[in-house]
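Trainee: Chains as they are written, first to last, in this note's numbering: chain A, 10 to 363; chain B, 10 to 363; chain C, 428 to 753; chain D, 428 to 753.
No false leads were slipped in.
According to the in silico footprint, chain D covers these stretches of chain C (three or more CB under 8 Å from chain D):
id : region
1  : 525 to 539
2  : 706 to 720
According to the in silico footprint, chain A covers these stretches of chain D (three or more CB under 8 Å from chain A):
id : region
3  : 477 to 489
4  : 495 to 502
5  : 528 to 536
Keep in mind that the hints were calculated from the coordinates and are not lab data. Don't be surprised by glycine CBs; every beta carbon is placed ideally from N, CA and C.
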Amino acid sequence: MTGTGSPSIPFTRCIGPDGAAVGDLPDFARNPAELVRLYRALVLTRSFDAKAVALQRTGRLGTFASSLGQEAVSVGAAAAMRPEDVFLPSFREQGGQLWRGVTPLELLLYWGGDERGSDFKAAREDFPVCVPVGSHAPHAVGVAMAFKLRREKRVAVCVLGDGATSKGDVAEALNMAGVWKAPSVFVINNNRWAISVPVARQTAAATLAQKAVAAGIPGEQVDGNDVVAVRAVVERALARARAGDGPSLIEALTYRLGDHTTADDASRYRDDAEVSAHWPEEPIARLRHHLATVAGWDKAQEERVLEETAALLERAAEAYLATAPQPAATVFDFTYAALPAELAAQRRQALEGS
Amino acid sequence: MTGTGSPSIPFTRCIGPDGAAVGDLPDFARNPAELVRLYRALVLTRSFDAKAVALQRTGRLGTFASSLGQEAVSVGAAAAMRPEDVFLPSFREQGGQLWRGVTPLELLLYWGGDERGSDFKAAREDFPVCVPVGSHAPHAVGVAMAFKLRREKRVAVCVLGDGATSKGDVAEALNMAGVWKAPSVFVINNNRWAISVPVARQTAAATLAQKAVAAGIPGEQVDGNDVVAVRAVVERALARARAGDGPSLIEALTYRLGDHTTADDASRYRDDAEVSAHWPEEPIARLRHHLATVAGWDKAQEERVLEETAALLERAAEAYLATAPQPAATVFDFTYAALPAELAAQRRQALEGS
Amino acid sequence: MDELNLVQAVNRALARAMADDPRVVVLGEDVGRDGGVFRATDGLFARFGEDRVIDTPLAELAIAGVAVGMAAQGLRPVAEIQFTGFIYPTIDQLVNHASRLRTRTRGRLACPMVLRSPSGGGIHAPEHHSESPEAMLAHIPGLRVVIPSSPRRAYGLLLAAISDPDPVVFLEPTRLYRAVREPVADDGEALPLDRCFVLREGRDLTFVTWGAMVLETMAAAERLAGRGVEATVIDLATLHPLDHETIVESVRGTGRCVIVHEAPLSGGWGAEVAARLAEHALTALLAPVVRVAGYDTVMPLPRLEAHYMPGVERVLAAAERVLEFA
Amino acid sequence: MDELNLVQAVNRALARAMADDPRVVVLGEDVGRDGGVFRATDGLFARFGEDRVIDTPLAELAIAGVAVGMAAQGLRPVAEIQFTGFIYPTIDQLVNHASRLRTRTRGRLACPMVLRSPSGGGIHAPEHHSESPEAMLAHIPGLRVVIPSSPRRAYGLLLAAISDPDPVVFLEPTRLYRAVREPVADDGEALPLDRCFVLREGRDLTFVTWGAMVLETMAAAERLAGRGVEATVIDLATLHPLDHETIVESVRGTGRCVIVHEAPLSGGWGAEVAARLAEHALTALLAPVVRVAGYDTVMPLPRLEAHYMPGVERVLAAAERVLEFA
Ligand SMILES: Cc1ncc(C[n+]2csc(CCOP(=O)(O)OP(=O)(O)O)c2C)c(N)n1
Ligand SMILES: Cc1ncc(C[n+]2csc(CCOP(=O)(O)OP(=O)(O)O)c2C)c(N)n1
Ligand SMILES: [Mg+2]
Ligand SMILES: [Mg+2]
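With the hints as extra help, turn the sequences into a complete structure.
Mentor: Listed below in structure tokens is the structure:
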């Protein structure tokens, strides 16, 4: 995969599809332990997705959006962040959420239809999943402005899809972030499809990075299947934001290898051949090849990671399935900080079953 | 005034502030009669604005937005259009509306609070004034798509302000127009202010023309105080659209010499010095100087135009002031094509005064 | 005559309207090759081509705004909003443009557009996919809000909405999409707008409802019938403009009324119905008007959804209360 | 104690809240150097600086969305929408985010923001500047909708809204901005939310109203008093959550109720009030509940505005009808 950009849009890649380094690697990527950490996160994400899809297929989870093939985007973005930064994901960024400390159990609860899944025990200031496409982009600007006002050196990181770039919400947010130099980074997971709409029918723009031009902020492309490149590019953007130099837009080029969600059947609108063509570029094999070369990553290590991940997810799934629903009263209890008289009456009625 | 753009954004000027031609003039501008036609339209617009402001100051018109200093933008855009094209103005484009055949009486009725002012007797497919900033941009795409579907060689022309470029509506519209190659032209009247917000606080983008980059469509700047340049640039964009090559975005650089509206007091937020600095570039004196050079435009001709215009506007104002309000029943009669039973009952009640 | 479910009936009506009237165009996210996420537009792309079945970029505001522009030009756009959870960005276009283009131009321009959207809960959908915002929309003057409650009514009402000269928001109860089938003749016949449908008549009690809650309400009426209580069930179908007469007449006869809807109680459209009764049927009322509705809380995620949605038991309990009142 | 008009009272409350609480920030179009198109934020920019008084680009959706982000971070943003005619793009943020951030995260995040906007007609304003969309907003669970009807209530209720831990839409009746003055102590005292204000008490009739219509309603009550008819006037102040008890109690006492609002009749918030009475005060009602409201038409341009807005005569006529009913 190469950048689709015009010459003025930079494109970054650190590790090619064959696992070979492209030019000098960033410092963190010269540390094998750090690469293994990233690798485990990619594997955890893919395994989590597989588990969630399996639970959905057997009627034990709601509609779910797998991130198959796109794991490096949100893992890379999250890995670039500091704990005190705030992550504002769309609905396909479980990789980043897991990295930030959201637990597999919480994610399963959320996708299983339980609000407690968004009551993260870690990452307590991170935003919950955003389903209305692109509507979280202005939140990132607000979060960033709070940091700025309080003179905190923190950054808001918002991940959104290629389809989201068509929403006015995103244009308004980028523009405001630009004029206010709000410490924020917007990462586009360009997986080439918005349900059935390919990116070429989403916009006439040759790149999504160039959406930044309208806002007068830096925009660049990165190989979204290269977790090292994503992390490196987002780290640079975070440093810029932390230094007071304002927001950036990063288009991560990847590919949605699966259906849009478990409710979708992509064979209605795209060719298997197109999908197959993208498999050789997916992020996990790529990093594994690289690890094999630079750190002698072997089958035993690989199997250990897979087993540990599987065990961890098995425990999460069991805990999820064993979690009783919330009491009915909780339908009322979080609507306001304190229950208004109005609602107290409805709550009473509901519990009396009338 | 020079373009504020980066090298990649073209900037066009045909006649400089001193009235001298800059390079080769477009064909239409070599015909003095045509230049006089444009000149009369500029004068009519400025005189109309003065009349409307005077009526407002004496309590006989509602809040009004003068286009003082910006007349060349919408006159130039409208002059480039064919009658069968459709004009979608904001609330400050009376110059273009008048050119298209909307009458001064209709404009006064509208700004005087009478819906009949938007029931244009000419230009019957043109849109009425759009007050919610930028919300007419998607309409232009819809109009253009109707043309496209019917294989008509017509174009939708939408004029909007610099402030409007911050609205998501506009970003969404430009993007859709781009991907569908909708035959449309978007003209930004960049008068440098959105009420009290200067364009530098509106966006970090160095030009507004570059908003086009996000949509993957052509964007360019034009001297918005040069009616010849505006017309020429819009004519080219219209030709492109008519040929099936899709939309364009044109940023016309001008300056709001007056208050935002009659309800505004610009001295609260901007220096007189800034305003004075822009007077030498205003469009009417410029074209008058040019006409004097190329066509011997003299004082007598000037006075005749002013007198004719004044007389025409006097008649319009008289007709406006003599127009009785619509019957109260009309509050009901245009809500739906046919009065629903519901509303018929309310109408009856209202007329009975109960 | 084919037995169709509601989404198939919608599909049939769209195809029919497109075949009969070249001005009809369909637009929205995934309405083309994919045939819509619920398959409401299935087959239309292949049959009518990409000029008339338009996949849009992901931008609801502009979908509505583009439809306004098309409609002003005399087309009959039928725009789809994928779920009502995403309809809110269209409200500006509906309030400030679609609903008032006719009146602001004294009839020079009009806006014969339809905005379709699946609505309501009960299918264990993700967050933001189960709400019922009809009351917000029905408060907009110049707009029609129509909600079908059966395949046949979906077919006939959608045809009526498409040929109506004014803008219509057409909300399709997601829960009904595949819940019931009935024979639907593809006869091109529209059903009347601005009219309620009286689904059963009984002299003891009037139920007023719409959309998916017609199921629970009819079930409750059946149960009551088993006990000798005969209820009228009125399906509003067009919420705005409201068919005031039919409702008031019925309650004048029965003296008792239960209103059933999914949306939150306060400011739900049931309030308007109850208000009409307090104003125009007061002396006939033998018992308080009772609304069975969603609570004034955010729609919970699926695991607690059943506690939120009014079920047959809640409808019956309300009916009891109203019947026992003396 | 200064005599202030309503917009000055708003200004005073904003200054007070900003002085007392560093988390309070003001944002919106022209709120900075210009001090707001109605001068509601006059002087704040000079006093509190550009960090806390933020001129935004022209983008209402993002104004609301940015406020959500700020509020989630513990700031107390007070965002201004220049006119309610431009509030519609914020509805998506209000419904899908502001009002449910608390419930969707089980209280982990909250949204203590205020969205202020001048609302209503009667000032001969341009198109789209005179509407009353409160009912659409009051139907949103998790949100509060507050409308002050006097300078003192504007001051106290705005302070309450700003310190409330949940999102509040605060609609300021434009017609009242400069219509009346009263002494307003800058004492930092909030007035209670979720409570009606009983502006006068009388045993013959209950008027329920809010916002600018309080003027006409009080005038009507005075006129009635001149004839020996004593009316209670209730100003809802907080539309949602509704102070049900106060209204129902009053009507249980008087047996007669007239509801007055500017917004279109159908689906207006008056429907909710009437519905409560049909449900909870039926046996006490001695006469039909009458709503005096805007018609179900688009708000006309200024020349016909007076035909649309309910005036004292219409309020009195309704009162007559209700009083004469036997
Ligand atoms: C505002 C809005 N409109 C429509 C939808 C329905 N929907 C869910 S995901 C999706 C496509 C999103 O595409 P993209 O932004 O590329 O993200 P991806 O799903 O590819 O990760 C759509 C249309 C939605 N969730 N929100
Ligand atoms: C959506 C919307 N928000 C706010 C307003 C109030 N308002 C009227 S004009 C204006 C500024 C417009 O600036 P610009 O787009 O540059 O046009 P200009 O007035 O300079 O011609 C504002 C904020 C409005 N009319 N519409
Ligand atoms: Mg995508
Ligand atoms: Mg401007």
